[in-house]
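Here is what each chain is made of, one letter per residue.
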Amino acid sequence: MSLNSTPLPGAVGGTKPRTKSSSLFGQSMRRLMKNKLAISGLVVVIIMFLACFVGPFFSPYTDNKVNMAVMNKAPNIKHWLGTDALGRDVLTRVLQAGRISLTVGLASMVLSVFIGALLGAIAGYYRGVADQVIMRIADLLLTIPGLPLLFIFGALLSDWKVPTEYRMYIVMFMLGFVNWPGLARMVRGQMLSLREREFMQAAVVLGLNDRRKLFNHLLPNIVPLLIVIATLNIGGSILSESVLSFFGLGVMAPTPTWGNMIDAANNLIDFQEHPWLWIPPGFSIFATVIAINIFGDGLRDVLDPKQKR
Amino acid sequence: MSAYLTKRISYMLIILLAASLLIFSLYALTPGDFISNNIKLTPERKAELREIYGLNKPMLERYGIWMKNALHGDFGYSLAQQKPVLTLFNEYIWNSFLLAAVSTFLTWLIAVIIGVVSAYKQYSWFDTLVMVLIFAAMSLPSFFIGLFLIKIFAVDLKWLPPGGMLTTGSNAVGWAYAKEVIKHMTLPVVVMTLLGVGSLTRYFRSNMIDVIKQDYIRTARAKGLKEGKVLFRHALRNALLPAITLVGFELPALFGGSLIIEKIFNWPGIGQLYMQSFGLRDYPLLMGFTMLLAVLTVIGTLISDVLYHIADPRVRLH
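Residue numbers (the UniProt record's numbering), protein chains in the order written: chain A, 1 to 309; chain B, 1 to 318.
Think of the hints as simulated: they come from the structure by calculation, not from any bench. Quick caveat: nothing in here was measured; it's all calculated off a predicted structure. Certain hints may be false.
[As the list claims (entries may be wrong)] In silico lysine-lysine, BS3-like type, Cα no more than 27 Å apart, as pairs:
| # | chain 1 | residue 1 | chain 2 | residue 2 |
| --- | --- | --- | --- | --- |
| 1 | A | K161 | B | K57 |
| 2 | B | K121 | A | K36 |
| 3 | A | K78 | A | K65 |
| 4 | B | K226 | B | K121 |
| 5 | B | K121 | B | K151 |
| 6 | B | K213 | A | K34 |
| 7 | B | K213 | B | K229 |
| 8 | B | K179 | B | K158 |
| 9 | B | K223 | A | K34 |
| 10 | A | K73 | B | K158 |
| 11 | B | K83 | B | K57 |
| 12 | B | K46 | B | K83 |
| 13 | B | K121 | B | K223 |
| 14 | B | K229 | B | K121 |
| 15 | A | K161 | B | K223 |
| 16 | A | K78 | B | K151 |
| 17 | B | K7 | B | K40 |
| 18 | B | K7 | B | K83 |
| 19 | A | K36 | B | K46 |
| 20 | B | K57 | B | K68 |
| 21 | B | K213 | B | K226 |
| 22 | B | K213 | B | K121 |
| 23 | B | K158 | B | K183 |
| 24 | B | K46 | B | K57 |
| 25 | B | K83 | B | K40 |
| 26 | B | K223 | B | K213 |
| 27 | A | K73 | B | K226 |
| 28 | B | K40 | B | K68 |
| 29 | A | K161 | B | K46 |
| 30 | B | K68 | B | K83 |
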């Protein structure tokens, strides 16, 4: 086993105030609320989610009807971010695209955290053959860089003529599949050290079965770490999805995502003359990911101070 | 050490063998190939070409042939360009290396300086600003920031060329040639530096914060050394030490090109070659490239582990 490289730890302020609450959760939350940067990140994320999931209901253009009368109009009072080549309102489309991008990001995070935590926990707890098999597969997948691997999967989807409405779900699986090995490695490392602690010896003495030891005693100990990784993972997934969709290998039109909306920039005229088509989705990605990363880092300071070195 | 190396290298070879099988079957699974996508060919001609390229053989046999040749240093012919894959790699890889080497150098330089200063002034407004900028750099969608900068600096302001390595039809030599290349590489280098500098700055900052708190730094200050000397001579050395493990991880980035950046800036590097061949389903080249990345990754990891041990002999290799 090679030396594990944990992600670069960083630190934003975060002092330890004396609190009366005895619950770890309450304490952590209070400390999180003190970190203004992290909270502003959270606020931006919430605004983004609300805008994308609720916002379109207030738009008169949700049906995305083709309207030749207002083709390629620059931003104006009626269309705040202008219209595209088919006369559709860009702002509405950005928000609808956000729904897909955020959903894909969330779902693939859930998937990779689930697979990674489960396999990592099994490998670290049972060791032996299970460990060997799981970690060798993880090593293998880590050998091939993620992007070419995602490109191949994307090309496979296109060649198998997967209907475009299903591609979104398969992209979630692809991203989840590519992300789990790193996570499994980290969870395994934690498990290997946790299983030797005194409380686990006590669990053995009590004669608890494996299921209880794993789910009631070991996994709760890595939940803070998992929450942090999961949060940061959403940002990464949104970025990967946008790259794939931009290159036409991820979610494809007519389903809009932030990535495939930026595809407009591949058309020279749209790129030069109609920047409102591709700049807003780009900034939406940027704003969402930066907010998630800032919030995730604040969470790390609070939940996982050991990582902070 | 030598026992460790033997063990590691033999494990590396097994992993690479497994990776080659995985890569081959992924590409072989994809229906359609370079020949079937070409509508100009008659069915008879297609069958004939398949025969010539050995595409009608069973998959396992094709893998055997590919692997056997690969072990002899022959990754086959690119179908689209009719040149040996390795010759093509050699033509393109140095352009990629030029871009990657310059941006890696800049990334490290900027990261070390800013990391040290913001660690020294921890919790100051400068430090907070740096932290926000670090997060911004880490959250940039690479392709979008590339397009955005092209739009501003090449299309609107016309300060820099939008892409490529040389102006089309240019036959500049000597200094003029170098100047042209530098002009063309400015934007991609800026983007690549931006993308890498965030996490590295953060790494140096947190390393530096740990080191500054140590007793020997207090000793150095107590001796009356100048603050600059304390920071850059005494503290930085120890903060830099763990970073040499990162050197190995840079290896795939240095020689593997950058798929997204080279594509966006139309830079004639190996990543752009891959993206071109991808649409054409030029399998020998695609497999060769993916294999190259796998080899670089594995070697990079080994270098990192060994360097880690050299930097800190307390770390046992096993």
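* Asked: Which numbered hints are broken by the structure, listed smallest first?
  -> 5, 9, 15, 17, 18, 19, 27, 28
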